[in-house]
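Asks: Sequence:
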Amino acid sequence: MDRYAYYVVATLVAAAITIIPKVLPLFFLRGKTFNKKLMTFFKIVPFTSMTVLILKEVLTIEPYSRLMIIVTIAVSAIVSYITENMILTVFASIFTTFIYLYCLSIF
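Take the sequence shown: its position 97, counted from the start at 1, is 126 in the numbering used here, and no numbers get skipped.
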């Protein structure tokens, strides 16, 4: 299997494993109302988690990867701001990294 095909398959499997436990409860909780503070908490948790993961990468970055991280963060921020959708933001980040690494391997 091609290296990039392996990465794509591994990413899709990891995404499915990550998404299933988060999406299944939504089906059971559909139509229920919750406290406004609890809803605010649930809205900011994904963005906080993603910020922590990105910050960890930025602080441990290798010098040759700086441009890739900066471009990926910029794309993530734009997609997150426009769509307000965490799944699209993560996929945009992964796609940007794949494109960057592919272009890097060509040149």
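Read the hints as simulated data drawn from the structure, not as lab findings. Errors might be hidden in some of the hints.
[What the hints assert, rightly or not] Below, computed lysine to aspartate or glutamate pairings styled on EDC-like, alpha-carbon distance capped at 20 angstroms:
#1 LYS72 with GLU113
#2 LYS65 with GLU113
#3 LYS51 with GLU91
[Said to hold, decoys possible] The following label-pair restraints were derived from C-beta to C-beta distances:
#4 ASN114 with PHE56: 26 to 32 angstroms
#5 MET68 with TYR131: 37 to 43 angstroms
#6 PRO50 with ARG95: 30 to 36 angstroms
#7 ILE99 with LEU58: 20 to 26 angstroms
#8 PHE70 with THR40: 25 to 31 angstroms
#9 PRO92 with ASN64: 45 to 51 angstroms
#10 GLY60 with ASP31: 43 to 49 angstroms
#11 LYS66 with TYR93: 19 to 25 angstroms
Values in this document were obtained by computation on a predicted structure and should not be read as measured data. Beta carbons are placed, not taken as given, at the ideal position from N, Cα and C, and that holds for glycine.
Asks: With reference to the structure, classify each hint as holding or not holding.
Replies: We went through each hint and held it up to the structure:
1. Note on LYS72 and GLU113: the hinted pairing holds, with a Cα-Cα distance of about 10 angstroms set against a maximum of 20 angstroms.
2. Pair hint LYS65 plus GLU113 holds up; C-alpha atoms about 19 angstroms apart against a cutoff of 20 angstroms.
3. Taken as a hint, the LYS51 and GLU91 pair is broken in the structure, with Cα atoms around 32 angstroms apart against an allowance of 20 angstroms.
4. The hinted range of 26 to 32 angstroms is not satisfied by ASN114 and PHE56, whose Cβ atoms lie roughly 18 angstroms apart.
5. Evaluation of the 37 to 43 angstroms hint for MET68 and TYR131 yields a pass: the beta carbon distance comes to about 40 angstroms.
6. For the hinted restraint 30 to 36 angstroms between PRO50 and ARG95, the CB-CB distance of approximately 34 angstroms keeps it satisfied.
7. A beta carbon spacing of about 38 angstroms between ILE99 and LEU58 contradicts the range 20 to 26 angstroms that was offered as a hint.
8. Between PHE70 and THR40 the CB atoms are about 28 angstroms apart, so this pair conforms to the stated range of 25 to 31 angstroms.
9. In this structure the supplied range 45 to 51 angstroms holds for PRO92 paired with ASN64, their Cβ-Cβ distance being about 47 angstroms.
10. Judged by the Cβ atoms, the range 43 to 49 angstroms given for GLY60 and ASP31 holds: they are separated by roughly 45 angstroms.
11. In this structure the hint that LYS66 and TYR93 lie 19 to 25 angstroms apart at CB is violated, the actual value being about 44 angstroms.
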